[in-house]
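S.K.: This is what each chain is made of:
There are 2 protein chains.
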Amino acid sequence: MLKISKKADYALMALQHIASVQFGDVTPGRVVNTKEIAEEYNIPLELLAKVLQVLSKNGLIESHNGPKGGYLLARSARQITIAQILESIEGPLAITDCSHEKDGDYCMQREHCNIRTPLLKIQDSIYQLLNNMTLGDMMGGTPLITIQSPSAQGVER
Amino acid sequence: MLKISKKADYALMALQHIASVQFGDVTPGRVVNTKEIAEEYNIPLELLAKVLQVLSKNGLIESHNGPKGGYLLARSARQITIAQILESIEGPLAITDCSHEKDGDYCMQREHCNIRTPLLKIQDSIYQLLNNMTLGDMMGGTPLITIQSPSAQGVER
DNA sequence: TTTAGTGCGACCATATTGATCGGAGATCAT
DNA sequence: ATGATCTCCGATCAATATGGTCGCACTAAA
Numbered sequence: 098m099l100k101i102s103k104k105a106d107y108a109l110m111a112l113q114h115i116a117s118v119q120f121g122d123v124t125p126g127r128v129v130n131t132k133e134i135a136e137e138y139n140i141p142l143e144l145l146a147k148v149l150q151v152l153s154k155n156g157l158i159e160s161h162n163g164p165k166g167g168y169l170l171a172r173s174a175r176q177i178t179i180a181q182i183l184e185s186i187e188g189p190l191a192i193t194d195c196s197h198e199k200d201g202d203y204c205m206q207r208e209h210c211n212i213r214t215p216l217l218k219i220q221d222s223i224y225q226l227l228n229n230m231t232l233g234d235m236m237g238g239t240p241l242i243t244i245q246s247p248s249a250q251g252v253e254r
Numbered sequence: 098m099l100k101i102s103k104k105a106d107y108a109l110m111a112l113q114h115i116a117s118v119q120f121g122d123v124t125p126g127r128v129v130n131t132k133e134i135a136e137e138y139n140i141p142l143e144l145l146a147k148v149l150q151v152l153s154k155n156g157l158i159e160s161h162n163g164p165k166g167g168y169l170l171a172r173s174a175r176q177i178t179i180a181q182i183l184e185s186i187e188g189p190l191a192i193t194d195c196s197h198e199k200d201g202d203y204c205m206q207r208e209h210c211n212i213r214t215p216l217l218k219i220q221d222s223i224y225q226l227l228n229n230m231t232l233g234d235m236m237g238g239t240p241l242i243t244i245q246s247p248s249a250q251g252v253e254r
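Chains A and B are the protein sequences, given in the same order.
Going letter by letter, the first sequence gives residues 98 to 254 in this note's numbering.
Going letter by letter, the second sequence gives residues 98 to 254 in this note's numbering.
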């Protein structure tokens with residue numbers, strides 16, 4: 098339930114690794130290739146490659162071809178949010194379908210739906226939570242932001 | 098991504114309906130059967146039945162057999178949290194596998210895993226969010242606010 | 001006893017995810 | 001400049017999870 102996919106897991110691990118290499122003290126600025134990450138974390142090489150390709154396509158990382166090539170963060174670790182990473186891999190994060198109804202399909206329950214509004218509230222809260230936490234926060238053991246439940250302010254209608 | 102299942106959706110709708118009938122002004126205390134809910138919200142009857150059975154088994158609602166039978170909330174709407182409902186249908190809500198490693202299988206990345214702690218933090222925050230909101234919060238008599246949201250795609254990168 | 005209803009289990013279809021393969025493009029060494 | 005090698009990249013296949021269905025046993029009221 099509410100589980101994130103393995104691809105998303107791999108993406109988070111890879112980005113964390115790239116960030117720690119790029120901004121670490123040992124070899125700052127070094128590019129890191131797919132094989133290195135795959136071996137370090139026991140991730141299937143090809144699958145990880147695919148994940149990195151998507152991240153690259155979505156502008157989170159930059160790719161450098163050829164020998165000595167590899168990946169590089171496209172911007173600072175503090176400017177990459179968890180929400181961006183997850184959405185990049187798995188599309189818009191919506192806990193319910195009816196938040197992005199295209200004209201073709203719209204849910205049969207819609208007209209009498211009684212849970213739409215509360216669900217959208219919850220969805221929004223989760224998004225804020227994920228969007229307020231950056232890749233940078235995941236690194237140096239920096240304490241996370243604490244979210245406050247929306248039930249505190251009740252559910253408007 | 099992070100989408101909740103249809104079964105969970107149905108569970109929420111059904112419980113909301115039962116609660117509104119039970120504590121409503123029209124026919125307070127009336128039991129409501131599966132067919133009524135299924136027709137009201139266009140939910141496949143058998144699937145809804147299965148969902149209600151699970152909810153009953155987990156002590157969220159009480160079932161009454163025979164003619165004039167049906168379902169009834171097992172306790173007050175304010176004592177039933179969204180988290181309880183979701184967990185009842187889909188098992189423990191964990192965004193990552195490694196939060197409940199049984200001895201048999203544990204993740205291959207574990208030893209070098211760099212994202213475990215942050216993920217557990219996020220998971221905890223989401224759980225608090227869902228556990229602080231009750232079925233009672235979801236109700237309130239004015240359903241069906243139709244939100245035309247053209248800004249639904251307003252996420253820039 | 002009949003009838004309307006729930007309880008319960010097994011079963012199939014489909015959608016999503018996980019994993020794999022072969023090729024294209026770019027860079028370094030010679 | 002040219003070949004060889006290493007990387008990125010797109011399309012394809014398999015496994016798993018989910019959504020949905022069917023049939024029958026059990027219970028209680030009329």
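Hints in this document: simulated from the structure, not taken from any laboratory.
As the structure is a computational prediction, the values presented were derived from the model and not from experiment.
Hints are supplied without guarantee of correctness; some may be wrong.
[To be verified] Pair ranges (Cβ atoms, derived):
#, chain 1, residue 1, chain 2, residue 2, range
1, B, D122, A, Q176, 19 to 29 Å
2, A, N229, B, P125, 40 to 50 Å
3, B, H209, A, R172, 18 to 28 Å
4, A, S153, B, G121, 50 to 60 Å
5, A, V151, B, P125, 48 to 58 Å
6, B, E143, A, E136, 24 to 34 Å
7, B, C195, A, E159, 48 to 58 Å
8, B, R172, A, S153, 47 to 57 Å
9, A, V151, B, H209, 53 to 63 Å
10, B, M98, A, P164, 31 to 41 Å
11, A, D221, B, K147, 42 to 52 Å
12, B, V151, A, K147, 31 to 41 Å
13, B, T124, A, G156, 23 to 33 Å
14, A, Q176, B, N130, 29 to 39 Å
[Stated by the list, open to error] Okay, the calculated bits of chain A under chain B, using three or more residues with CB under 8 Å as the criterion:
#, segment
15, 146 to 154
16, 167 to 174
17, 220 to 232
Heads up, the beta-carbon is just placed ideally off N, CA and C, and yes, glycines get one too.
S.K.: All hints are to be evaluated individually against the structure, with a verdict given for each.
M.R.: Against the structure, the hints come out as follows:
1. Distance hint check for D122 (chain B) and Q176 (chain A): the Cβ-Cβ separation is about 53 Å, which falls outside the suggested range of 19 to 29 Å.
2. A hinted range of 40 to 50 Å holds for the C-beta pair N229 (chain A) and P125 (chain B), which are about 43 Å apart.
3. Here the CB-CB span from H209 (chain B) to R172 (chain A) is close to 25 Å, well matched to the stated 18 to 28 Å.
4. Evaluation of the 50 to 60 Å hint for S153 (chain A) and G121 (chain B) yields a pass: the beta carbon distance comes to about 55 Å.
5. Between V151 (chain A) and P125 (chain B), the C-beta spacing of about 54 Å keeps the proposed range 48 to 58 Å intact.
6. Separated by about 49 Å at the C-beta atoms, E143 (chain B) and E136 (chain A) break the suggested range of 24 to 34 Å.
7. Between C195 (chain B) and E159 (chain A), the C-beta spacing of about 30 Å breaks the proposed range 48 to 58 Å.
8. Our hint of 47 to 57 Å for R172 (chain B) and S153 (chain A) holds, since their Cβ atoms are close to 51 Å apart.
9. For the pair V151 (chain A) and H209 (chain B), the supplied restraint of 53 to 63 Å is violated, since their beta-carbon distance comes to about 23 Å.
10. For M98 (chain B) and P164 (chain A), the hinted distance range of 31 to 41 Å is satisfied, since their beta carbons lie about 36 Å from each other.
11. Roughly 30 Å separates the CB atoms of D221 (chain A) and K147 (chain B), a value that falls outside the hinted 42 to 52 Å.
12. Distance hint for V151 (chain B) and K147 (chain A): a CB-CB separation of about 36 Å, consistent with the stated range 31 to 41 Å.
13. Take T124 (chain B) and G156 (chain A): their Cβ atoms lie about 56 Å apart, and the range 23 to 33 Å is violated.
14. About 54 Å separates the C-beta atoms of Q176 (chain A) and N130 (chain B), a value inconsistent with the hinted range of 29 to 39 Å.
15. Requiring three or more residues with a Cβ within less than 8 Å of a Cβ of chain B, the coverage given for the segment 146 to 154 of chain A is violated, as only 0 such residues are present.
16. Coverage of the segment 167 to 174 of chain A by chain B is violated in this model, with 0 residues showing a Cβ closer than 8 Å to a Cβ of that chain against a need of three.
17. Remark: the segment 220 to 232 of chain A is confirmed as covered by chain B, as 5 of its residues place a Cβ nearer than 8 Å to a Cβ of that chain, reaching the required three.
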